[in-house]
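Q: Taking the hints as your guide, dock the two standalone chains into a single complex.
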Amino acid sequence: AQTVTQSQPEMSVQEAETVTLSCTYDTSESDYYLFWYKQPPSRQMILVIRQEAYKQQNATENRFSVNFQKAAKSFSLKISDSQLGDAAMYFCAYRSAFLGGSEKLVFGKGTKLTVNP
Amino acid sequence: KAGVTQTPRYLIKTRGQQVTLSCSPISGHRSVSWYQQTPGQGLQFLFEYFSETQRNKGNFPGRFSGRQFSNSRSEMNVSTLELGDSALYLCASSLGGTAFYNEQFFGPGTRLTVL
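These protein sequence lines are chains A and B, in that order.
Positions 1 to 117 (the working numbering) are the ones given, in order, by the first sequence.
Positions 118 to 232 (the working numbering) are the ones given, in order, by the second sequence.
Hints in this document: simulated from the structure, not taken from any laboratory.
It is possible that some hints are incorrect.
Chain B side only, calculated, beta carbon under 8 angstroms to chain A, not exhaustive [unchecked claim]:
#, residue
1, T137
2, L160
3, S211
Just so we're clear, the structure is a prediction, and the values are computed from it rather than from any experiment.
The C-beta atom is built at its ideal place from N, Cα and C for all residues, glycine as well.
Here chain B stands alone, though its shape is the one from the complex (with noise of 0.2 angstroms):
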């Protein structure tokens, strides 16, 4: 089974730009969630996806959006650029929605760079 993928590995911008990750969760799951992480802040929660709805959303300014398609792929987007957001954007996918513990698993991560 193909775990979860992330696209592109490595991203670099400049400041103003807009960028968009995408997530491929594992076959069959329906919950995204996406992480930053940074050295300063750590891992901080962005939002979470579960069957095309947005079920939890972290305390992130508005640039950063998300969405999920009705295959479970997530894209997050981040509008106007800044040098803070340079992070590793990590993704994390599981069954979700079952009255049972759901194991996350996460993806490699994609590293944004902002110039």
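Here chain A stands alone, though its shape is the one from the complex (with noise of 0.2 angstroms):
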């Protein structure tokens, strides 16, 4: 079974400034889907960016970046030019990628991200 980790419960950073969240998974499968999720306090959860594992290339969102290392496992999200609207819990996460199967995500328990003026 795929697992996602988080382990910075709470992360802070001052408007403008960059930040870095951290996430490692374990899986045993070759192709699959990584996802950024951020769930800000009214609920909606809304997605951040999207990496497949077989690209090599860093996937880029505007002012949000990943650092994806397939071997090492590790996909951390790179928040630059932090805005007070990216306060928000940001979740981690795994799907399989086997095309016209199950699309079940598997999460990380989150960050919850604070953004100070």
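A: Below is the structure:
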């Protein structure tokens, strides 16, 4: 079974600075997706960024980028130029890439990010 | 395009009762997944439906059940409620069943409190 571990229950960052959230995972599969989801206090979970395991290039979405280390099974999220609106719970998640199969997500326990003005 | 909707948003029940939660996916989406979110256990997968068929099931007791209708709307039912069932129940929908990656979109959740 796959597992996802987020070792930082809480993190804080000053507005406009950069913060990195850590995630490690365990799987025996060779093809899969990794995600970072954001859950603001209003509770609606939204997708921040996605990484396909077969791609060596790290995914980037505006101020959000990942450092994907497949051999180390590590998947960290870097938020640049942090904004007050980035304050939220961030969840790392894993999904098998078997096409047409289950879309079950395996989540880490989350990291609560506080952005200080 | 309307997002994923879940009803009710809040629910208070007592131990031993049963409850039904509803999820309406984004129009055109045929896959619906359910997750339970608690402070202690985090987000745990309950089940997944695609075209009215259960495609996957998490490790929950038989008191937890679900179904999907022909219009892709899904319901989950919890019978004989226990205090530990208090949680935020999230539903996610996607197109499902294609040869390509499908993004899952989450609803706002139903907050269930069991007294």
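Q: Would you mind marking each hint as holding or not holding in the structure?
A: Hints, one by one, checked against the model:
Evaluation of the T137(B) hint against chain A yields a violated restraint, the C-beta minimum of about 20 angstroms exceeding 8 angstroms. Hint status for L160(B): holds, given a least beta-carbon distance of 4 angstroms to chain A, under 8 angstroms. Hint on S211(B) holds. Least Cβ distance to chain A is approximately 6 angstroms, under the 8 angstroms limit.
Checked against the numbered hints listed earlier, the structure breaks hint 1 alone; every other hint is satisfied.
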